[in-house]
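Undergrad: Single-letter residue listing:
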Amino acid sequence: MGKKGWFLVIAMLLVLTTACSGADGGGNSGASADGKVKLRIAWWGSDTRHEYTQKVIDLYKQKNPNVTIDVEYASFDDYWKKLAPQAAANQLPDIVQMDISYISQYAKNGQLEDMAPYLNQKIQVADVNENVLKTGIIAGKQYGIPTGVNVLGFQYDPALLKKAGIDKIPDDWTWDQYKELALKAASNKVYFDSSMAADIFFHYYLRTHGKSLYNTEGTGLGYDDDKLFVDFFGGLAELIKKGATPTPEVMNQTKGILEESDIVKGTGIGIWQWSNQYVGLQQVVNRPMALAPMFGPNMEKGVYMQPTMYWAVASRSQVKDEAAKFIDFWMNDVEANKLIKGERGVPISAKIKEAVAPELSEATKQVFEFVASMEPKASPMSPPPPVGSPEVIATLTDYIEQVNFGQMTPEDAAVKFRADANTILANNKQ
Amino acid sequence: MSLRNHQSLKANMTGYAFISPFIVGFLAFTLIPMFISLYLSFTSYNLFTPPKWIGLGNFEKMFTGDPKYWNSIRVTFTYVLVGVPLRLIFALFVAMILNTKSRMVGTYRTMYYLPSIIGGSVAVSIMWRNIFSNEGIVNSLLSALGATPVKWFGDPNASLMMLITLSVWQFGSSMLIFLAGLKNIPHEMYEASSVDGATPVRKFFSITLPLLSPIILFNLIMQTISAFMTFVPAYVISKGEGGPMDGTMLHSLYLFRQAFMFSNMGYAAAMAWVMLIMIAILTAILFITSKFWVFYEAEKGR
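If you're matching them up, the sequences are chains A and B in order.
The numbers in the first sequence follow UniProt numbering, run straight up by one, and end at 430.
The numbers in the second sequence follow UniProt numbering, run straight up by one, and end at 302.
Please keep in mind that the hints were generated in silico from the structure rather than gathered at the bench.
Since this is a predicted model, take the numbers as computed values, not measurements.
Possibly wrong hints are sitting among the right ones.
Which chain A residues stay away from chain B? Per the calculated CB distances, all over 12 Å, these [as the list claims (entries may be wrong)]:
1. G280
2. N286
3. A350
A few chain A positions that, by computed beta-carbon distances, are all more than 12 Å from chain B [to be verified]:
4. Q124
5. I137
6. G234
7. Q253
8. K265
9. K377
10. E411
What the simulated footprint calls covered on chain B by chain A, stretch by stretch (three residues with Cβ under 8 Å from a Cβ of chain A suffice, anywhere in the stretch; the number is not a length) [what the hints assert, rightly or not]:
11. 75-83
12. 147-155
13. 266-278
Just so you know, even glycine gets a beta-carbon here, dropped at the ideal spot from N, CA and C.
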């Protein structure tokens, strides 16, 4: 009896320990003698994305029968909650999908591999625009390979624009012209837009003035004239007050319910956002829509190609060659890209862009054309947001909310934001 | 002696083996993590680089340098101090109705308890969001009655009120406990008081409430603790942002943001420990004051 008891305890402990080491071994075994390779890959996204990504993976396995691929996927929020502990335990998947707001953090903490040696070896990048490829460089190293690119713009309903008394969005429109048009729409009882995401568009505005939101080292803000802050956010708050943009009460109320948003209901002309969000929006709006470039002056200086997301390889991976090969397959295989259909942004390879063009839906075609028209004008991207940026963005969003609710002046917000942001970013100083 | 010890150890071994999953689980997932979190609360830790000891730094920041922390405390206390009494009053009210003799009473009890079974879930919160949305049933009712619809998620005060109504609506578990308590009150007492000519109101305050007071204390403590830890509804309804204007930024939600969005694990651990101490103090106060208002029959009513 007693012996049996001990046996049970020991057996249980053994199961526990082997279960743990099993997880360890699986990740590190890599290519074994018989040429079998095991890859782990993780991404976030919607159900559509999970489906076609699995199809691309199946296609890869079919062409490389020696490879098995374990997949892990989640929604955006859950993804990062899962990835952080994996990184802390040195258990990152071999290939991880990276977001621009997180890549600095993972790269600077030594979790990702510099992919520069793989370029034009395992990963062919001959027909990729250099500006685009450079967006994966953090602190001088190629930590990410962009899956595709996005560009900011105004996505709108041309018929509604006419109804508001505006014939068309002028070519090379300016910040002042934008405000005038918005007020004109307001006088015709139509919202011009649904305001702008504070961090993204303020960053754009700063770029048109030759500045950026963060300094190059990521240790502080990248502008020192608070007047820029006051002009931009003061201008937007003014538009809210005059009815060109819904009030923050309304925005909060409808947040996350696309069906209740003004553009879908036909009470708002357009929306400022990334080009890859156009296809989804077009489906819900279900009326002819169009894309317009950002406002100037100096639109060329402000606008940039942003990677929709990156593929990155974990530095602890034992199968980096195979991981690189998979990324190359993703980037350069025509068959694979006919499944992807530009869902992770407009493909960065010029050849692939051409090859998949006939396969696209009308809305996706519009996006491809819009991105193609902006690509020659765009300036290089600023460095990816530094460590601490999620907190900086949350702080900015908080202050702007108070400004929009009329509880704080833009001047006060500018000063307070500067103080808070610099405190948070100061931690990045070595 | 040693032989007997050895034998009893052997005899107990099977028992130990059977409870070992719990012991291992308790150590690995409760006790050890608790001590690690206590350690982390004195460090600056971002999950990637090793924790850095900063002594009382986190607590200093919490109490002197973080207005958002105080806002979250204020919101949480409003939520608890308004929500818990309302919920208990409502639970008692329903329990008394369901305590009457009626044929359908079983069905009613089930129906009223249902929200609590699915309570706290994401699905309920999403439903709640839809009920209070622009075109939701609440606003449709309001406009049908000629009132102006309220921006439930747009107005900082309204959104907290909406969260509180959600918590009041999930009154089922305390209602069941009240129901059990009501059933324990001897019927003769009511009959005797009827003979003496007591009104229903008098009966309620002189018989029901005093005899129910131990149950009220139990419910009060359990509900207070669980209210302090509310997270899911605030997270879902405000889309994780605690807005508008931090009006629904409950302490647990702010803690979550610090830990998983800003990677300030050490700070979040410190917040968790301060909250634990606050709940402990509040519970202690409830226990101490209970001497003055809880009536135990065993004491023969001083």
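Undergrad: For each hint, tell me whether it holds in the structure or not.
TA: Quick rundown of the hints versus the structure:
no.	hint	result
1	G280	holds, 17 Å
2	N286	holds, 18 Å
3	A350	holds, 37 Å
4	Q124	holds, 32 Å
5	I137	holds, 20 Å
6	G234	holds, 19 Å
7	Q253	violated, 4 Å
8	K265	violated, 10 Å
9	K377	holds, 34 Å
10	E411	holds, 19 Å
11	75-83	violated (count 0)
12	147-155	holds (count 5)
13	266-278	violated (count 0)
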